[in-house]
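Take the sequences, apply the hints, and build the full model.
Note that our numbering numbers the sequence shown so that position 75 is 75, with each residue one more than the last.
Worth flagging that the hints you see were computed from the coordinates, not collected in a lab. Take the hints with a grain of salt, since some may be wrong.
What the hints assert, rightly or not - Label pairs and their computed distance ranges (CB to CB):
1) Asn20 / Ala103: 42 to 48 Å
2) Glu78 / Trp112: 17 to 23 Å
3) Gln35 / Glu94: 19 to 25 Å
4) Met107 / Ala27: 21 to 27 Å
5) Gln35 / Gly63: 14 to 20 Å
As the list claims (entries may be wrong) - Mimicking DMTMM-like on lysine to aspartate or glutamate, the simulated pairs with C-alpha atoms at most 20 Å apart in a straight line are:
6) Lys2 / Asp133
7) Lys6 / Asp16
8) Lys6 / Glu78
9) Lys40 / Glu78
10) Lys113 / Asp130
11) Lys40 / Glu84
12) Lys2 / Asp124
13) Lys2 / Asp30
14) Lys2 / Asp23
15) Lys51 / Glu84
16) Lys105 / Glu84
Where is the CB? At the ideal position from N, CA and C, for every residue including glycine.
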Amino acid sequence: MKISTKGRYALRMLLDLAINQQDGYIALKDIARRQNISKKYLEQIVPLLNKSGLLRANRGYQGGYMLSRPASQYTVGEILRLTEGTICPISCLESEVNSCGNASKCMTLPMWKGLYDVIKNYLDNITLQDIIDNNASLSGDNYCI
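Pasting the structure below:
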């Protein structure tokens, strides 16, 4: 499984909004500048995030975007499913019913299911707030005397 640029940039955009939420609605140009991402690329991601209800938008002067709920309620798994379509490592596990003709005799299927469970459990248990908190603890104040 390889996460696309769209997935990585969407995650960075949402993290930027979470970090700067005290500023109210944030313009895309500000996110683009801080994250070193093309504004045009962000403009392609926004409709997907907006349509799914992850963002609130405000048009006009001092318009922009903000998160529609607290950062602690956004999981990385949710964001990547939205942008990537799936986080499943193999296609035969993407739907509830496995339609693969070899599923009943596939020796590797349990291994793929296990990998998928690990991916889901890991990504669905990391929130935007977790990432922010972890980064803050890593880059905390260092005092040298």
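To see whether the hints hold, each was checked on the structure:
no.	hint	verdict
1	Asn20 / Ala103: 42 to 48 Å	47 Å, holds
2	Glu78 / Trp112: 17 to 23 Å	22 Å, holds
3	Gln35 / Glu94: 19 to 25 Å	30 Å, violated
4	Met107 / Ala27: 21 to 27 Å	53 Å, violated
5	Gln35 / Gly63: 14 to 20 Å	19 Å, holds
6	Lys2 / Asp133	25 Å, violated
7	Lys6 / Asp16	15 Å, holds
8	Lys6 / Glu78	14 Å, holds
9	Lys40 / Glu78	23 Å, violated
10	Lys113 / Asp130	26 Å, violated
11	Lys40 / Glu84	19 Å, holds
12	Lys2 / Asp124	17 Å, holds
13	Lys2 / Asp30	28 Å, violated
14	Lys2 / Asp23	34 Å, violated
15	Lys51 / Glu84	15 Å, holds
16	Lys105 / Glu84	29 Å, violated
Checked against the numbered hints listed earlier, the structure breaks hints 3, 4, 6, 9, 10, 13, 14, 16; every other hint is satisfied.
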